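Trainee: Each chain, written out:
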Amino acid sequence: METLQQLMMGFQIAITPINLLLCFLGALAGTIIGALPGIGPSAGLAILLPLTFSMNPTSAMIMMAGLYCGSMYGGTITSVLINVPGESSSVMTCLDGYQMALQGRAGKALGIAAIGSFIAGTASVVFLMLLSIPLVKFALSFGPPEYFALMLMGLCTIAGLTGGSVLKALLGTFLGLLISTPGMDAFSGLPRLTFGLTGLLGGVDFLVVAVGLFGIGEVLFNAEQIMKMEFVTEKIRIKEVWPNRAEWRASAMPITRGTIIGFLVGVLPGAGATIASFISYAAEKRFSKHPEQFGKGAIEGVAGPESANNASTGGAMVPLLTLGIPGSGTTAIMLGALMMFGLQPGPLLFQKNPDFVWGVIASMYIGNIMLLVMNIACIPLFVKILKIPNALLFPLIIVFATVGVYSVDGNIFDVWMLYVFGVMGYFMKKFDMPPAPVVLSVVLGPMIERALRQSLTMSLGSYDIFFTRPISAVLLLLGLAAVLWPVIDMVRQRRRARTGSR
Amino acid sequence: MKRAEQVLGAVLLLFAIYIGYESTLIETGADFGKVGAGFMPFWLSVGLGITSAALLGRAVALPADRYPPAFFPDRAGGMRVFWVFAGYLLAVVVMKPLGMMISLAMIMAAAMPVFGSRNWKIIVFTSIATPVCVYVVFGLWLKVDLPMGILENVLSIY
Chain V
1 METLQQLMMG FQIAITPINL LLCFLGALAG TIIGALPGIG PSAGLAILLP LTFSMNPTSA
61 MIMMAGLYCG SMYGGTITSV LINVPGESSS VMTCLDGYQM ALQGRAGKAL GIAAIGSFIA
121 GTASVVFLML LSIPLVKFAL SFGPPEYFAL MLMGLCTIAG LTGGSVLKAL LGTFLGLLIS
181 TPGMDAFSGL PRLTFGLTGL LGGVDFLVVA VGLFGIGEVL FNAEQIMKME FVTEKIRIKE
241 VWPNRAEWRA SAMPITRGTI IGFLVGVLPG AGATIASFIS YAAEKRFSKH PEQFGKGAIE
301 GVAGPESANN ASTGGAMVPL LTLGIPGSGT TAIMLGALMM FGLQPGPLLF QKNPDFVWGV
361 IASMYIGNIM LLVMNIACIP LFVKILKIPN ALLFPLIIVF ATVGVYSVDG NIFDVWMLYV
421 FGVMGYFMKK FDMPPAPVVL SVVLGPMIER ALRQSLTMSL GSYDIFFTRP ISAVLLLLGL
481 AAVLWPVIDM VRQRRRARTG SR
Chain R
1 MKRAEQVLGA VLLLFAIYIG YESTLIETGA DFGKVGAGFM PFWLSVGLGI TSAALLGRAV
61 ALPADRYPPA FFPDRAGGMR VFWVFAGYLL AVVVMKPLGM MISLAMIMAA AMPVFGSRNW
121 KIIVFTSIAT PVCVYVVFGL WLKVDLPMGI LENVLSIY
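Quick note, the sequences are listed as chains V and R, same order.
Numbering-wise, the working numbering puts 291 at position 291 of the first sequence, and it's gapless, one number per residue.
Numbering-wise, the working numbering puts 77 at position 77 of the second sequence, and it's gapless, one number per residue.
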């Protein structure tokens, strides 16, 4: 009952004309960003973030949440129409979505993706509401050792589950944590690792790192291999988008399973939308009575992964809003933005700023409705927007990134840092190092250090405090398991391959 | 690419050693709850050192056929990246003396041909129109104190 009252209060905030407009603009921008290959949701959010600085925190977060959800919807359009995923979580949609488009069923693929996304997105917000309150009550008992262990577990999970090389993800984590250390020490007031540069006294802004790695790094990487987009030339009519009875029947369970998988995976730090869509696709193939049709235009292969990647957005908001721990690069940027607005994410946010939290949750319901309408009615418009030439798009990203980063503090030193992190982002792409652990570590670094030092002060310098408190010990063990799991899995696969070859 | 990964491992290892050394110059102690400012950077540099040494070791031990053959798949792609790098660097260097407007125009003019635009009229028009839009949105509307450089007396923000 209390939750419903809070939600009603949230709707009163979310339905003000300005917040509705910002939610719409965020959803629209997110759909376009998600659809454009080469710019992910993290890059889009980081580049557009400076535009929100003149807003109040609730309105800014409503716009950001709209953008985050919209980017998950938008990725489908290019996956289906040109076989190029707009962002990584839409990779699986290419497999069957593009085949459906080649068979003249592009409208159906886009339609079921939009409907599945809407159902999953809305259900995930319901789960977010239901899970948040008990989690907040539980988290209120956390002290600095538990927070330290929780954040460490978050970093370990993102390193272990982010995909690719665990070693490189760990390297990124250490680099990110080191990037967060220069500046004035919060405890002693001593400057550290500033190398005589006064610009570093205030530390390295997370926004500079995020925009550099995700935005400028992407642009430089795209300069290397210029992509040409060729669209499926089918004309899409709105009445063709709506699925028929057989398609509904085929898609109902994949949407349900995708929603559950997506939400649960989204809650895990590091796993996120991409892994959710991979798991969902694998699950649908396993549950299907005709798995041989997967990869040849099976509607379940679109419905499941698209539902999963949208459900993960609600899941990812759970640790962000309740514990103040982001689980992905995109939510790390949101967390950084919250702190820039002077809000302290974590369990107390629900008590101190209920209008903010419930306003954002309510706007996610509204955003999903807007996105459903937008993604069914405006597909031809998005296709036209996608035809914006790279020669204009990528230079404009550099310009907006530069002005955006400068406008935060009005300091040219930040532009220099942006250049450095842009170059770093390019090389990270070349070496296949994921940027998300770096950004996450930059955001969490100062919080981890504070929690560590407070814990050691409490225990008079003894590290036992982390192992004698049960929650902290369990979280540390989970973190260790997350890092070791890929290694154990690799050893098991090698053994299996060896016994197979014998 | 194997060689590139060896270089990456070595560079990161040297960086970790340097940061570790710098951190020891700051108070690092963690006795009786007194944790120094250098404590965190020191142990992070140790972690970075271990992981970069592991990366270097792996790049030495693994056969070359486990890596992509070249760092740049084609020469033209490498040149395009170089031009964007160089153009952007030049724009950052001149940002203070010449102002952000001119600097942004330079970015557009340098990057558009790299990404495939060949029509010089469009390049000139976009290179002028973009900074003007930035000036209107960020300078006049959002009141960001943009560095105007040599245009200080021509364009005023307030």
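FYI, nobody ran anything at the bench for these hints, they're computed from the structure.
A couple of the hints might just be wrong.
Stated by the list, open to error - Listed next, with one range per pair, are the computed distances between beta-carbon atoms:
#, chain 1, residue 1, chain 2, residue 2, range
1, V, Y463, R, M79, 48 to 54 Å
2, R, D74, V, T198, 52 to 58 Å
3, R, V46, V, K289, 53 to 59 Å
4, R, V46, V, K137, 46 to 52 Å
Everything numeric in this text was worked out from a predicted model, so none of it was measured.
Yeah, the Cβ is synthetic: ideal placement off N, Cα and C, and Gly gets one too.
Trainee: Next, verify each hint and record whether it holds.
Mentor: Quick rundown of the hints versus the structure:
1. Checking the proposed 48 to 54 Å range against Y463(V) and M79(R) shows it holds: the Cβ atoms sit about 53 Å from each other.
2. A hinted range of 52 to 58 Å is violated for the C-beta pair D74(R) and T198(V), which are about 42 Å apart.
3. For V46(R) and K289(V), the Cβ-Cβ distance of about 55 Å falls inside the hinted range of 53 to 59 Å, so the restraint holds.
4. For V46(R) and K137(V), the hinted distance range of 46 to 52 Å is not satisfied, since their beta carbons lie about 38 Å from each other.
In this structure, the earlier hints numbered 2 and 4 are contradicted, and the remaining ones agree with it.
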